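Enquirer: The residues making up each chain are set out below.
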Amino acid sequence: MDLRYSDRKLIIGGVIILTGIIFLIRLFFLQVLDDSYKLSAENNVLRHMTEYPARGLVYDRNGKLLVYNEAYYDLMVIPKQIENLDTLDFCNTLGITVEDFNERMEKIKAYSKFKPSVFEKQLSSEFYAGLQEKMHHYKGFFTQTRTLRKYPSRVAAHLLGYVGEVDDKITKDNQYYKPGDYIGVSGLEKYYEEFLRGQKGDKVMMVDVYNRPKGSFKDGEYDKLPVSGLDLISTIDRDLQAYAERLMQNKIGSVVAIEPGTGEILVLATSPSYDPNLLVGRVRSENYALLAKDVTKPLFNRALMAQYPPGSTFKLVNNLIGQQEKVVFPQSAYPCRNGYHAGPIHVGCHPHPSPLNLMQSVQHSCNAYYCTVFRNILDNKKTVRQNYDIWRKHVMSFGFGKKFNTDLPSELKGLIPTGDYYDKIYGKNRWKSLTVVSLSIGQGELGTTPLQLANLVAILANRGFYYPPHLVKKIGNKKIENEFTTRNYTTIDSSYFQIVIDGMEQVVEAGTAARSKLKGIPYCGKTGTAQNPHGEDHSVFVCFAPKENPKIALAVFVENSGKGGTYAAPIASLLIEKYLTDSLRRPLVEEFILNANLMPKPEDSKLKIKKGTPTD
Amino acid sequence: MRQQKSIFDNLDWVMVSIYLVMIFLGWINIYAAVYNEEHKSIFDLSENYGKQVIWIGSSIAIAAIILMLDGKFFTISAYPIYGVVMLTLILVLVFGREVAGSKSWFEVGSFRIQPAEFGKFATSLVIAKYLSTLNIKFEDNKTKLITALFIGTPALLILLQNDTGSALVYGAFLFVLYREGLSGNFLMAGVAVVVVFIVTLLFDPKTMMWIVGILALLIFIAGKRSWRNALLIGGTAVVFSGMSYSVGYVVDNVLEKHQKTRINVMLGKEDDPKGVGYNVNQSKIAIGSGGFSGKGFLNGTQTKYKFVPEQSTDFIFCTVGEEWGFMGSAVVIILFMILLVRIVFVAERQKSTFSRIYGYGVASVLFFHFAVNIAMTIGLAPVIGIPLPFFSYGGSSLWAFTLLLFVFIKLDAYRMQLLR
Chain A
1 MDLRYSDRKL IIGGVIILTG IIFLIRLFFL QVLDDSYKLS AENNVLRHMT
51 EYPARGLVYD RNGKLLVYNE AYYDLMVIPK QIENLDTLDF CNTLGITVED
101 FNERMEKIKA YSKFKPSVFE KQLSSEFYAG LQEKMHHYKG FFTQTRTLRK
151 YPSRVAAHLL GYVGEVDDKI TKDNQYYKPG DYIGVSGLEK YYEEFLRGQK
201 GDKVMMVDVY NRPKGSFKDG EYDKLPVSGL DLISTIDRDL QAYAERLMQN
251 KIGSVVAIEP GTGEILVLAT SPSYDPNLLV GRVRSENYAL LAKDVTKPLF
301 NRALMAQYPP GSTFKLVNNL IGQQEKVVFP QSAYPCRNGY HAGPIHVGCH
351 PHPSPLNLMQ SVQHSCNAYY CTVFRNILDN KKTVRQNYDI WRKHVMSFGF
401 GKKFNTDLPS ELKGLIPTGD YYDKIYGKNR WKSLTVVSLS IGQGELGTTP
451 LQLANLVAIL ANRGFYYPPH LVKKIGNKKI ENEFTTRNYT TIDSSYFQIV
501 IDGMEQVVEA GTAARSKLKG IPYCGKTGTA QNPHGEDHSV FVCFAPKENP
551 KIALAVFVEN SGKGGTYAAP IASLLIEKYL TDSLRRPLVE EFILNANLMP
601 KPEDSKLKIK KGTPTD
Chain B
1001 MRQQKSIFDN LDWVMVSIYL VMIFLGWINI YAAVYNEEHK SIFDLSENYG
1051 KQVIWIGSSI AIAAIILMLD GKFFTISAYP IYGVVMLTLI LVLVFGREVA
1101 GSKSWFEVGS FRIQPAEFGK FATSLVIAKY LSTLNIKFED NKTKLITALF
1151 IGTPALLILL QNDTGSALVY GAFLFVLYRE GLSGNFLMAG VAVVVVFIVT
1201 LLFDPKTMMW IVGILALLIF IAGKRSWRNA LLIGGTAVVF SGMSYSVGYV
1251 VDNVLEKHQK TRINVMLGKE DDPKGVGYNV NQSKIAIGSG GFSGKGFLNG
1301 TQTKYKFVPE QSTDFIFCTV GEEWGFMGSA VVIILFMILL VRIVFVAERQ
1351 KSTFSRIYGY GVASVLFFHF AVNIAMTIGL APVIGIPLPF FSYGGSSLWA
1401 FTLLLFVFIK LDAYRMQLLR
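The listed protein sequences correspond, in order, to chains A and B. Quick note: the first sequence, position 432, residue 432 per our numbering, numbers continuous. In our numbering, each number is its position in the second sequence, counted from 1, plus 1000.
Since the hints were derived computationally from the structure, they do not count as laboratory data. A quick note: this is a predicted structure, and the numbers were derived from the prediction, not measured. There may be inaccurate statements among the hints.
With a straight-line Cα cutoff of 30 Å, these simulated DSS-like cross-link-like pairs (lysine-lysine) come out [what the hints assert, rightly or not]:
| id | chain 1 | residue 1 | chain 2 | residue 2 |
| --- | --- | --- | --- | --- |
| 1 | A | 115 | A | 178 |
| 2 | A | 139 | A | 113 |
| 3 | A | 9 | B | 1137 |
| 4 | A | 9 | B | 1072 |
| 5 | A | 403 | A | 478 |
| 6 | B | 1295 | A | 203 |
| 7 | A | 474 | A | 403 |
| 8 | A | 224 | A | 200 |
| 9 | A | 474 | A | 402 |
| 10 | A | 551 | A | 478 |
| 11 | B | 1142 | A | 9 |
| 12 | B | 1144 | A | 9 |
| 13 | A | 413 | A | 293 |
| 14 | A | 393 | A | 382 |
| 15 | B | 1072 | B | 1142 |
| 16 | B | 1051 | A | 80 |
| 17 | A | 428 | A | 381 |
| 18 | A | 403 | A | 293 |
| 19 | A | 578 | A | 517 |
| 20 | B | 1103 | A | 80 |
| 21 | A | 150 | A | 478 |
| 22 | B | 1295 | A | 224 |
| 23 | A | 139 | B | 1051 |
| 24 | A | 178 | A | 109 |
| 25 | A | 121 | A | 80 |
| 26 | A | 381 | A | 402 |
| 27 | A | 64 | A | 190 |
| 28 | A | 172 | A | 190 |
| 29 | B | 1295 | A | 115 |
| 30 | A | 200 | A | 115 |
| 31 | A | 403 | A | 547 |
| 32 | A | 293 | A | 121 |
| 33 | B | 1351 | A | 9 |
Isolated chain B, as found in the complex (with noise of 0.2 Å):
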């Protein structure tokens, strides 16, 4: 095996300049959306788009980190870094902060800790790791219950953080496992499961029972018209129509209030413009109000009077689509795009099975995020609290999202030298 002569050997720059371009733009938008006439320098610490400064540069120099270590680093470590990982999700529910409602972070002096972000990371790495292990086929049963181990118990204790938007972002693994072989039905049925969930919401339980009914009726008529189609057409008509029925009852028992109102609002049940729907209402007003081209840098009236909430973190996409108005929003939409058409690209040309399935984790990670934070700040999705990858303002998170792409661009540096 040949020597690398420097670290910026075979790296990967079209994931490099993207990277670079967005946590620039984050920086700019961060400090848009902060921006006050007394605080004016970008480097002002007590300010958020001060410390991002910081967190950008401590990330860039985890990036360098990652790609001066040696390639083999992290298939090996996999299992202890997803231990020491898991061991802090624990720690954290025990000694952690409660920050709005959820106890997810460790609190440093003036800096605060979010292990939470780092276990997506971790499990990517280790469901990375576990299935390019020799022997260990998707297929087997004994192997999926494993992988959703892996999965399963990160999300819990992050559930259990009271943390409901960070422990969704395990669902995308669903991603990772299809392109490893999971039956696509189960994405199918989870895409069923939410378009149903959601239409029922919408118009009520025996209206909803019509539809099942005639779909699978067309659908029957449609396809091969035999014994076995129609036991399983009406089967699944049968299981739909019980779960829309169900809804109502998870709707009003087993969610949270807070929940079920982000649900209600989203659908267009409850307008209440100062009240749940408030953040939604101000941020579509925001993103509408920006026009073709925006109002240009500073010039947003309202991000920065604070209209819009959470504007440096989860809802920073506001400040673009205000300041930078539709041709900007469009350049995020798709820088992102391009970015995770390149990770599932780069993926594929791995040698390494490894490489390849931590790949998949990265972009399964990264388009959960872009997709459902979008959708949110748009109105297409209910309120979830999830940073926009690069952009939000967030130490823990700026750092774990460099980790997770940064090892990926090493992996893919070293893709000559890794064969499993």
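If we strip away everything but chain A, and leave its shape as in the complex, we get (with noise of 0.2 Å):
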């Protein structure tokens, strides 16, 4: 036995056990003492998984829907988890070539290869259901529910607005927002986002390397559930809002409808409108860019966003600012020599009967008398300036020349003139009540919105008060209690209101709407034209009905119509009819109003939308 080599062993083993030792010290270290594994471990397998709330519903007034959710299905791949795929057959599925696929697989797995990413967006119910048939042999393919907005009645495209996707300045500037996410972008969907969205909830799914879910962590523990969103009970009357809209078809112009002793806006019609489902899923960036080429302008919400002058209609705040600067009586009586004339001014009027007093002055709507109404008021006690100033600050309390600052979707302010606008034009103390004296009558440099003039009958139906016009009553099953449910009173005693309500039926009974009168409904109104430099005048017809405790207030522009009496008053007329009592008893009235058509240039304006569902 070869003796001479044995004392090796020593280091041999010696090398073993040093070996042995080094790997224990560092298993203490790596195991016992250094905890950043442990939370790497746990990064490592836990993926948070968002669940999508169900965003909430619209209703009307009377609990009808007028916005729900549709599901649709969005396709999701994972490139690292395609096996075996017949690309052929799979592009012949989704509709697409190969060179889409190709393209579309080159992008996502740019972003990502564990990642989940959208492939093909919104896919139908009944797409979805000839897909889920083959889905298994599209390895790495997978389907994930999302909704989207469907509007049944078609109406109130405008109000209700509209939800997209974020995009990167909302995610950046919101936390809640992820990329992919959808928010309200216009009307009550973007008003109400916090409300309607609801709480996205947190799945937290333990996964393996490629993302493939194992099953729920500690069996839901610290999963968060998607809380829904709430539902709007909207002030609008569906049935109204639908049949407004149908009468005001083939008509450029808009009609609003509030409910006096709330404020509540019945009805919110513009025309030329269009059908919300166009602006839902993949087709609505196509859409939206034709409707934005129409030049009728669709994407117009003239409800709000026209500012008219308010013609005849705005005799009506002059004749209260004169009786509340005591400068004109209900008995004080002008005469009208077919008009106004004074120095080099002329205001021209039609033939009636002469003189006539304040009650009169309102049935038809002299001319001649407001001139004079008006110019006692600038012409009073102090300099024309300051009168004017005296009359913008009660013209301003109508809710005139400012926002209501409501839910309403992008409402403009419309103009009343300030005195330095005029002292500007004409100097200081260069300008008398003669130069501005066809702000009596509603022309001139005034800008008002069809709301703020159905706002404005509905002070006088409330005689001397508004709630500011909203579009939403409840929230879930809370009643809204804000500024939108304080009065707003105006700066004219209520006494002065009744001598004008009398003008205003005699208007309907014999004046200049005679025509729109209702049997057995005494109702309220004054009709307008609205100065249009550019072509015809627009009618306009305001009213309240009925006569004693006012349920509706409205206001309908008919754009290049000429006078209020021939197309703005009927529809109100038919308006009032609907909503007081439910039925049409004036077939012809209805016929005329329905075949009138009175677009400028109706083969411009023809509508060539892409109908149709997402997935077409």
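Given two chains presented individually in distinct reference frames, assemble the corresponding complex, making use of the accompanying hints.
Expert: Structure (structure tokens):
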């Protein structure tokens, strides 16, 4: 036996033991002393998966559905999990080309091979049903349920607004939103976003390195369930809104109806409009571009954003201010000689009995009368400028020249010129009552929106106050209680209203709107003609009904239709009839309105809109 | 000579029981690593743990057969066994199936066999046989050359199969040769080369030169200040400096890209958790998250959800570390230490040179596998894909290690009859 080198067994044994000890020390550090690996391990396997809540629905004031959700399916892919894909078959199923497929996959892979990406957005349920049978061939692909908005009655597009995907700016500013989330972009969807969206849920899943879910973490102990969005109960009357939109077909203009006792907007119609379903899902951007190009501006919400001179309807305001400033009284009678003539100024008038008293001035809408009243206001005790400022303050108290700042989408404030404005044009103390006398009959520099005029009649119905017009009564089960439900008083004493109201009744009974009289429903109205330098004047009609205990206040604008009595008043009367009696007894009037086509150039306004569901 | 009464006579029960404990632990950890709710049965043949049952059963059968054979069988058939194994190593190059870039598998039905695993056994046998031959002295250069050829041939053939890890194992025979009289300088030189290589990669060659120079000076001052010593130390320093300059060249031009990145990741020069460093990083996370007492059997999250690659084969130690914690890892390390020291001890008690050399062969091969595999999983060595003996899933390796160990156990049991 060779013993020469047997001592080397000690060295070899030593190496073995030393190695073992080094390992033990290293493991002690790694496993016992260092905590960071435990944290890494948790992040490694846990994935927080977002669960999307159902967006709140929108109902009308009677509980009829305006907006609901429909399920759609996003086809998702995790590139790393694709196995044996028959690309051609896959492309045929989806109806895409192989080049398209390759292009998309390249983009997706550039983002991540391990994380899920959307391959195809918003497949309809019908398409999904067919696809599902084949899904087991397409390893690495799966579907994810999403919802899209659906509008069963196809009305009130502008006020409801639409929902779209968040952009980079929103995701940067707001932690809640992640790329791919939906958000209200306009209308009620935008204003009530926080209530409608609900709260996203968070599901903690264990996943493997390929991101494949392996089950819920600790039996869902750390999951956060999604909270559904709250439903909105709108103030809109769906049927009345639909009827208003129908009456306005082939006309340009708008209809606003308010419940005077609450400020709740019953109708907010603008024409031409569009089917809100067009701005949903994959066809939205295409359709939006088409609508934006349309010369009749269907995207423009005339009810809130069109600013017209109010025309004769404004005489109601001047009448009340005159009484309040004690420059005109019920008995005040002024003559009219086919108009108002003072120096170089001639304001024409139509034939009517003369002279007229205050009530009759409303009934016959006498221009000369209101020129006199308005000059009386401005040439009162103080300087013209001071008196003008007083007049303007009164006007503003009716809600003119400012926004209501309620939940309305993008209203404009209109224009009531300031004294400074005239100072600038004519020079200080260089303008007189006569210079601005056209304001007396609602012409000149005035800009008012249909909503503001509807609010004006609501004030008349209420004899001196209004609630800011708004669109939502209830959020979830809670009635709104805020500035929308507080009264705003005008600067006019309520005692001055009766005579104006009586005059307005006469407008319907025996005045400029006599043809729109309703049997059994005494109501009060006022016609107007908004001067249009570009063509035929716009006709206006404002009214509230019934005279006692008013339930509805209306403003109807029909562009390029001449006098208020011709189209605007019949439309208003039909709406009153429908709202108050739920029946229509004047088929001829209805037929006349429905058949009237006042579109400027019909061939231009044809909407070449891509119809249909998101999948085609 | 006396007749054996039964095959259990004179068995070294320490080695046998450690072997049995290890294959059992290996099996349950493979089960945990691949565990799947849908295939709960530990005997499910479609899963690795089910197949491992077959491998374990057949390994025990192999062990029994070895114990029943005559003790002389292996001394007599050492050369034929070596020859047959070398032949299969050549054949696999021609007919083998490529798996993960290495052409080192024979495929028979759904089972695969890796001849390289048996090369270690054959080589241990053959050098034991050769060096124990009468009139053969290790001091002769011719003996050294032939020994080198015996070791180098399988290493080269395996390298040709593109299985660097398995080829490196043959370096382990340095220990055997060292025990048989090879100068310790070879072992030291081997270690020094590795150290210089790694340090140079960590710093740059210039810094390395400074370190070598200062060290040389210190050693010279501390030692005998003779001309001979000065020349020796100076020469070594120059060689090391030159080598450190060549390291960059070797890494850039000789090593393949994946080897280079593996080395860089190990040195911390590349941080790439989802790339090449991924394996090591995940492996460390898995082991580190085990804590002191582990997450419990089947409760591991890292290994089970496929974060750790090769979890039932090369990275099986991760499952141990994660589910059984420091306690479990320590038990495995200590079991290996006991087994290896026991083998060395038993080898030393052999009267027969053949048995001793073979014993050291067994110890060296097992030690190399153990050291490299564990070091890799805990981030102390670059990723070299070799299995952890008796633990890792795989039929060829389990058969080969069983063969390796039980031939030694048989030789030990037979030691009274075997003199040369």
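Enquirer: Look at each hint and say if it fits the structure.
Expert: Outcome of the hint check:
1. Restraint check for residue 115/A and residue 178/A: satisfied, since their Cα atoms lie roughly 15 Å apart, inside the 30 Å limit.
2. A threshold of 30 Å between alpha carbons decides the hint, and for residue 139/A with residue 113/A the separation of about 14 Å falls inside it, so the pair holds.
3. Only pairs whose Cα atoms come within 30 Å are accepted, and residue 9/A paired with residue 1137/B is accepted, the gap being roughly 20 Å.
4. Between residue 9/A and residue 1072/B, the direct Cα distance comes to roughly 26 Å. Compliance with the 30 Å bound is thereby established for this hinted pair.
5. Proximity of residue 403/A to residue 478/A is assessed by CA-CA distance (about 26 Å); at most 30 Å being required, the pair is judged to hold.
6. With a C-alpha separation of about 23 Å, the suggested pairing of residue 1295/B with residue 203/A holds against the 30 Å cut-off.
7. Annotation: proposed proximity of residue 474/A to residue 403/A holds, straight-line Cα distance about 22 Å (limit 30 Å).
8. Annotation: proposed proximity of residue 224/A to residue 200/A holds, straight-line Cα distance about 8 Å (limit 30 Å).
9. A distance of roughly 26 Å separates the Cα atoms of residue 474/A and residue 402/A; the hinted pair therefore holds under the 30 Å criterion.
10. In summary, the hint linking residue 551/A to residue 478/A is supported, as the alpha carbons are separated by about 23 Å, within the 30 Å threshold.
11. The straight-line distance between the Cα atoms of residue 1142/B and residue 9/A is roughly 25 Å, inside the 30 Å bound, and the hint therefore holds.
12. This hinted pair checks out: residue 1144/B and residue 9/A have alpha carbons roughly 20 Å apart, not beyond 30 Å.
13. Note on residue 413/A and residue 293/A: the hinted pairing holds, with a Cα-Cα distance of about 26 Å set against a maximum of 30 Å.
14. In summary, the hint linking residue 393/A to residue 382/A is supported, as the alpha carbons are separated by about 15 Å, within the 30 Å threshold.
15. Between residue 1072/B and residue 1142/B, the direct Cα distance comes to roughly 27 Å. Compliance with the 30 Å bound is thereby established for this hinted pair.
16. For the hint pairing residue 1051/B with residue 80/A, the CA-to-CA distance comes to about 28 Å; that is within 30 Å, so the pair holds.
17. For a cut-off of 30 Å, the pair hint linking residue 428/A to residue 381/A stands: about 18 Å separates their Cα positions.
18. Between residue 403/A and residue 293/A the alpha-carbon distance is near 28 Å, which keeps this suggested pair within the 30 Å criterion.
19. The straight-line distance between the Cα atoms of residue 578/A and residue 517/A is roughly 14 Å, inside the 30 Å bound, and the hint therefore holds.
20. Between residue 1103/B and residue 80/A the alpha-carbon distance is near 26 Å, which keeps this suggested pair within the 30 Å criterion.
21. In summary, the hint linking residue 150/A to residue 478/A is supported, as the alpha carbons are separated by about 24 Å, within the 30 Å threshold.
22. Restraint check: the Cα-Cα separation between residue 1295/B and residue 224/A comes to about 26 Å, which is no more than 30 Å; the hinted pair holds.
23. Taken as a hint, the residue 139/A and residue 1051/B pair is honoured in the structure, with Cα atoms around 27 Å apart against an allowance of 30 Å.
24. Our distance criterion of 30 Å between C-alpha atoms is met by residue 178/A and residue 109/A, whose separation comes to about 20 Å.
25. Using a Cα cut-off of 30 Å, the hinted pair residue 121/A and residue 80/A holds, with the two alpha carbons roughly 20 Å apart.
26. Of the supplied pair hints, the one linking residue 381/A and residue 402/A holds, its CA atoms being roughly 28 Å apart against a limit of 30 Å.
27. The straight-line distance between the Cα atoms of residue 64/A and residue 190/A is roughly 21 Å, inside the 30 Å bound, and the hint therefore holds.
28. Proximity of residue 172/A to residue 190/A is assessed by CA-CA distance (about 18 Å); at most 30 Å being required, the pair is judged to hold.
29. For the hint pairing residue 1295/B with residue 115/A, the CA-to-CA distance comes to about 28 Å; that is within 30 Å, so the pair holds.
30. A threshold of 30 Å between alpha carbons decides the hint, and for residue 200/A with residue 115/A the separation of about 20 Å falls inside it, so the pair holds.
31. Proposed proximity of residue 403/A and residue 547/A is supported: the alpha carbons are some 28 Å apart, at most 30 Å.
32. Simply put, residue 293/A and residue 121/A have alpha-carbon atoms about 26 Å apart, close enough for the 30 Å limit, and the pair holds.
33. Annotation: proposed proximity of residue 1351/B to residue 9/A holds, straight-line Cα distance about 15 Å (limit 30 Å).
Every hint from the earlier list agrees with this structure, and none is contradicted.
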